[in-house]
Every structure is written in C-alpha cells, then in structure tokens.
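S.K.: As a plain string of letters, each chain reads:
2 protein chains.
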Amino acid sequence: MTSAHSASAYEELRALFTRLARFDHLSAIAGWDMQTMMPPGGSQARSAALAELSVLKHQILTAPQTATLLDRAQQESLGDIDRANLLEMRRQYDNAVLVPTSLVEAKSLAGARCEHAWRTQRPANDWDGFSKNLREVVKLTREEAQIRAQAAGVSRYDALLNLYEPGMCSRELDRIFGDLKTWLPDLLQKVVSKQAKEPCQLPHGPFDLEKQRQLGLSVMKLLGFNFEAGRVDVSVHPFCGGVPEDVRITTRYNENEFLTALLGIVHETGHARYEQNLPREWLGQPVALARSTAIHESQSLLFEMQLARGSDFLKILRPLVTAQFGEQAALEESNFIRLNQRVKPGFIRVDADEVSYPAHVMLRYEIEQALVEGEIEVDDIPVLWNEKMHRYLGLDTVGNYRNGCMQDIHWTDGAFGYFPTYTLGAMYAAQLFQHVRNALPNLSADIAKGDLSALFHWLQHNIWQHGSRYPTETLITCATGEALNPRYFRQHLKNRYL
Amino acid sequence: MTSAHSASAYEELRALFTRLARFDHLSAIAGWDMQTMMPPGGSQARSAALAELSVLKHQILTAPQTATLLDRAQQESLGDIDRANLLEMRRQYDNAVLVPTSLVEAKSLAGARCEHAWRTQRPANDWDGFSKNLREVVKLTREEAQIRAQAAGVSRYDALLNLYEPGMCSRELDRIFGDLKTWLPDLLQKVVSKQAKEPCQLPHGPFDLEKQRQLGLSVMKLLGFNFEAGRVDVSVHPFCGGVPEDVRITTRYNENEFLTALLGIVHETGHARYEQNLPREWLGQPVALARSTAIHESQSLLFEMQLARGSDFLKILRPLVTAQFGEQAALEESNFIRLNQRVKPGFIRVDADEVSYPAHVMLRYEIEQALVEGEIEVDDIPVLWNEKMHRYLGLDTVGNYRNGCMQDIHWTDGAFGYFPTYTLGAMYAAQLFQHVRNALPNLSADIAKGDLSALFHWLQHNIWQHGSRYPTETLITCATGEALNPRYFRQHLKNRYL
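Going down the list, the protein sequences come from chains A and B.
Be aware that the first sequence starts at 1, since it is given in the working numbering, and climbs by one per residue.
Be aware that the second sequence starts at 1, since it is given in the working numbering, and climbs by one per residue.
Bear in mind the hints are in silico, worked out from the structure with no lab data behind them.
There may be inaccurate statements among the hints.
One copy or two, either will do: identical chains are not told apart, so a pair holds if it fits within one copy or between any two.
Straight line, CA to CA, 30 angstroms or less: simulated BS3-like cross-link-like pairs of lysine-lysine [unchecked claim]: (1) K107 <-> K388; (2) K57 <-> K107; (3) K211 <-> K221; (4) K211 <-> K449; (5) K197 <-> K181; (6) K194 <-> K315.
The following block holds chain A by itself, in its conformation from the complex (with noise of 0.2 angstroms):
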C-alpha cells in the first residue's frame, strides 16, 4: 500500500486517492447502516467512529507532501484523462486544505448534534430548542464561508455553492430564478385550476408492504438498476449512497399509499444508474466521481419526472401496478396518468409535485444566502419562510415551524449552497431529455414498447461514462449544443401541465 520510490508524482497522487476511496468506501458503508439498519443504541458509537474516519481523511488529503506531489505532478507528462484526474486531485485539496481538522470536526460534530435533537423537535414543533442548536451551525458556516471566499476572491455564498456545483455562482442563479419568479407562481396558478376541472380519484388501499418491495423491484429491473452490484432498503429519508460497485438506494413505504415509494424508488435508481455507470477503469480516483450534485440531480429527475411521468412510460409501469395490487377504478390509465401528473401546492418540498417544486428551493436559496452573507439572522427565517410561501405558493405557514422551516435536514447538517442544485437538475433534466428526444425519433414509441435501451444508451456514452473529466458546462454542451438554458424546463411544464 505504498508506493515504489521511483514511481512519479501522479502516480503517488494515484494511490494517495485510492487510498482515501478505500476510506471514503467505508464511510459509505457504515452511514447506509446507520439510516438503514442500525439500531438507535448504536448510534453514539457510529457518530464517533465516522467523525474519527473524516478527521483522518482531511488529514491524509491535506499533508504537506500533497501540495509538494501536486505541484511535481504539474511539470510531468500526461495523458488527457490523466490530466482531467489531477485538476479534480486539485480542487479536492485546495478545498479542504483551506479549513482547519478543527473546524471540519467543530462543524461535523456541532451538525450532527443539530441533526440529532432534529428529530424530537421537528414533531414537537419546538423551533426555540431547534434554534439555538441551527445558531452554531451557521456560526461555523461562516467562519469556514469566510476562509473560502477570502481564498477564492468570492462571496461567501458562491464560495460554498462551489463545494456541491463547480463554477456555479450566485449571479447565475440569480438570473435563473429571477427569471422563473417571473413566470412560474402564474403558471402553477393556471395549471391548479386547469386540474380543479379534471377529477383524479385516489386509489383505495391497503397496498401490502412485500407487494409494495416486489413492484419496486420490477420497476428497477426495469430501469436497468444492477442488482449485482446495489440493493434497495427501507429508511426514513430516501437516498442513494453506497459506492458504484455496491449502490444502496432506499425508499419508505406507507400501507395507504404506494405512489410515493415508487416513484421514490425510480428517483433514487436514476441517481444509481449515474453511480453504476461511472467509468470502472478509473473506479477509486477522482475523475471517475459524479460531475456534481446538479448533474447527480439531473439523472434521477430524468428518470422521475421526464422519463416515469410521462404517458408513455405510465402506460408500461400501470400493468406493473395492477400485476401487484389489481384492477381499481382509480388505476385505470387516464386516472393513472392524471394521479403521477397531479399538481398541488404543499408544505413539504420532498412530496412536492415538478411545478411547486423551485418555488420551494428559491424560497430556500433566498434565505439561506442572506443567512450565509450575513444579512439575517437565524431568527429571522420564520417570519421570512411565511411571507415567501405566501408569494410562491399561497400557503400560511405562522407557528408551524414542523412543516415549514424545520422540515428538512439541509441546514440542520449545515450543508449550505446545495438546495440550487436541485432545480439545477431538473433544468439540466429538462434539457437533456429534450435533446435524446430529438436525437432518437422513436424514443416514445420505444419507451411505449418498455425498450429503454437507446435512451440508456445516450445517457451513458453523453453522461455516465465521463465522470468529473469534463467541467459541468462542457458535458452539457457536449450533450446537448448548449450550455444551461432553462427553457426547456419551461417548455417541459408548459407542454406537460397546460
């Protein structure tokens, strides 16, 4: 496990960060354990166990004989991927070098114990308790926001923004979400009352748990989740995590309801198919890693929203249902469609519909940068949180603290500056799918047939299998012929719900 001495700085680079993979693989592991089966005595000792794991990880990433092999690794001769693999060996140490092992575990330690009391407080609406915890998270946000804007000659924001989207910055979404202020609370409002005329009934359950797992199962096959190297489990906040020799995705599952659990699953089997697809040659360095939490996003609401909720593909996964649970007024397909492409604004950005869902991130974004700047205060964000749902989304969310700020765990765990990479994604998604639509004439009588394969294809040669070796903006434009444009999620909403 250590390197011949002969061997060149890159190639010491090489093992260096095969090493922290081995490590970051461990991590993965035991925090899927942690949401999924561990019981909750368990706890304490895996907190400390994983924080022990970080500490160590900064520590071998930000030794000083790293700088000094970056540096060496610069003058040698490279090949282009190779080159790709060294710039993101960079950006990985520039960005944790910056901060001090103290910080990272003040900050580590100081979210979990948020996270933690969370999950008392949010059911007893308790934000007097939930506030004082969030105060020293943000304190230790800005002071590491701080020393990253002061290196990268940005605003505190952008400079964690930069941590989830490379070469994103506020300026940008700005402009982004400017622009969709300026037209989606008017086309929610439409579409709500275009839906007010198309009654959608419900479907009558219960939907037994196992019938639930086995429909699940049969859609990921489907999808072509690989069942050799992943496995779905039950948690209480769905995701995708493992590594992409051994994905772990997971979904909850409600006896009264199954659309949410599958639908969750095809989320989180998009996001896997990214991870399982990721280039296997270069498994363990850098460049083989997602692009970013933006790109991640865009996979698994291609395959959600585009992909599952449109007619064709609801036609081929309504007799999947019906195999499992039987024929019901409601599971017939025009109501099925209707029911997997039903609008309402709600308080729960996670249940929310595709159309209500930016409003919930702007709102986030919005006060989450003054926050970070340094503008409000965390005292601030009830009364802030109220007055934007009302504009965005008509709802009154005063002394409901539960379903309104205390909902998520974004901030609880001080994950700043990633909220935007969720409507980044579905930008990114609308764009995508848009562009295999034009590139393949028979995708919809395809996906009709259940034959997914050329979509899957295009994803693969245009997404999957380039990893991090291109920036976001030249994989795009790679894609698709032009960077960013969020027209086609626009014209996406206008052609789905109007």
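Assemble the complex: chain A is given as a structure, and chain B must be docked to it using the hints.
M.R.: Same frame as chain A, but now just chain B:
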C-alpha cells in the same frame, strides 16, 4: 482527537486505543455487511477497503511512540482497572509489533484469496485447487508463528494459540484432549446405542421462514437480547459481530427444518449478551473487550447446550414453537426434548451434537498443530483426516473433501490455533453452569417458569461485567472456586445422555 500536552502517558494511550476502537467499529460493521447485505459485485472493493483499514490500524498500534508511551505509563500511578487496561494494551502492542505490516497484509490477502476460491472449490470437491492456495496460507502462517515463537520462547503452535487464548498452551491441551480420548469414544457409543432404542420423530415441514424469524425473535427476547443495541439477520455462516453498542447476530433458515436456525440463534444470543454487557464505562478500551475466544464460546454454549437443550428450558421453548407452527406429534414434549438431545456422529462439525463435537475439535487440533510445527504438509491432511474420523467417530471420508477437510473456513483464513477454543468453551460452560446450579438452588424451577433473571444476574456479575480485567484463570476461579476442570463437562454429558 489529539491529546493535550499535559496528559499522562496512560491518558495518551487511552486516546490512542479509543481511536483504534473507532476504526474497529467501522471494520466490524463493514465486515458484517459483507456477510449479510453486500451484493457479490461489491466483494473486491470491500476487501480492499477492509485491508486498507487493517494496515492503518496496524501502523497506528505499532508506531514507535506507542512503545515509549507504554514504558512511561508503566511508571505512572494507576488504579486497578487502569493497570489491567495497560496490561491489555501491552499485550495488543506486543502481538502486533512482532509481525511486519507486509506479512500481515500478505497473510490477509492469501487468506482472502483462499477463502474466496473455497466457495466454489468446496461444492466442486476440488482438493487440488484448494490445497494450492492453502499451502500459501500455511507458509505465511508458519512465518508468523516462527517470529512469535522466537519472541515468546514457546513452540510455534503455542504462539498462535495465545493470540486466541492467552495463557493456554498445548501441554495443557494435550492433557485435556488426552483425557477426553480415554472416555469420549466409549461414551459416544453408549449414548448412540441407548438412543437407538428411543425412537424420535422428526417434525413435518415446511416451516414458513417469516414464522421462523418471529420464533427466533421471541426466543431472543426471552434470553434478554437488547434490541435497542443489536439485531438479527441472515448469513451463510451464522456469527456474532458488530460492536458492544450494536451487536449483530445472524442465522440461516431452512424451510424443511427449523431447529438448526433456532438453536443457532440461541447460541449467538449467548455471544451477544456477553458483548452487550461488557463494562460500558470502559467501552473502547482493551480492558472492556471479551476475555478470550474460549470464554466467549463458554457463553454461547452455556446458552445453547447447558440452558436451552436442557429439559427445563425445552419445556418453555416448546409452546413458543407451537405458537408459530401449531401442534404435531413430533412437537409433543417428550419427543421435542429427544429431538434436541439427539446424538448422531456426522461429517460436519457445525452440525454436530455436543457429545461428538469434541471429536471434531481434537482431530483439527492434532492436524493443525503438526502442520504449524512443520511435522506434516498440506498434502498429508486428507489421509490423516480420514484416519482420525475413523478412530473418533467411525466415519469414512476418503475422497470426500467437501465434507471432510474442506468443510471449514478457519484454516482457509489462516486462523490456526482457534479450533481448541470451542472445546475449552464447552468445558468452561459446563463448569460455570454446574456452579450456577449450586449457587442458585431454585434455578431449575425458575427456568421452568421462564424466569432467567437470576441466571443472567449471576453471569453479569461473575463474567460479563469483568471484560478483560482478569486473566482467564482468575476469572474462572473467582466465578467457580477452581481453575478449568474438565470433569464438569464429562459429568454433564453423562448426566444428560446416559
């Protein structure tokens, strides 16, 4: 995660071993996942990740600074438990520092290769393929044994035995097994003839797997397993893993027969309760670890053989069984007891009854001792195996490698010196249980009422809470008034089976 400068050497060591325990936690969970949850495609990446962590732990433990700290701490004023903790730290260090990391790694990789190939070689009865890998494992094991033997001034085999059973030596084992050989084959024959006159009906299946699982859970509950700090799952080879805060036991279900899985759960629950009741205020320190593999096995066998296969317990187990599967002739009380006390020599150790089990262990002990000491070679194993199976159990294994010398995983993994601890465990269990009977005159009546609290209290007080505070001999002498005495085991077998 770094110690203050003013800390004593002992405090620094405590911090060091806490750190190692956190890494052990991650190894334990990732190892558990590998046996229970992991899809096959994750195997290679998981092995690499676990090996990387093993190397790291070995490096941390054997760093030159550790030796200095151990020497300095020796001079510090310490309480009794701290002194015992320091002794265990020293033992771990001494065991680790002797062997170069390269040999640790080579042995781990050779073991993983041998075990991996064994999975297909065993069903194929492929001794030639298997023995090739095993020779490499034996070669590296001899290297390790030679280094350890030289440092400790003991034989090669004793040096390995001491890794599992500190304080035990082959002279003592020769005495114990020498005695066993004088009476066990005769006892076995008598029991078999006696039982031939007592016909025993087998239960008719199938036995629904979910009902078997529920039955297992109800028995674990009866046995005091803490579900807040552990769980039960399925694996090919049942085991008890995880960490004291989160104990993971496994079993394997067979639709045609439920007793193997059920008594397997009882066995692993014995291990689990020991782990779950190790001294919590010392968790993460070496003194809080289980005393030895034989003491660990004494707890599982006390649960499985002494308690659960005794008539008192079987009478309260029976209604739990019929609650799941209904009544049938084979489940009537007298037949149910006979079923669980049946003695039948067979090829497979893990399926053996408690009378023939020691014969399996003797056979392996004699062969592995000669192998490690260099008196025989891998190619000599099959002939010796057959000779000893004839002598001890009256069975022929010529050409039957699959159910002969290829049935186990211990040698495959290089765990030479482990086998004897099974029979030592059976003897400790018999001695402990006889002493509990003497100490608790109402035990039999309590068990018949399903009240096991006094038994568990006794074990908690005399064994579990002590962790590694005392050497094995002290632990057993304090608990039972004398050191290991095999006569209790003989007496137990005679009482139960003749």
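S.K.: Of all the hints numbered above, which does this structure not satisfy? Sort the numbers upward.
M.R.: The structure conflicts with no hint, since it agrees with every one listed earlier.
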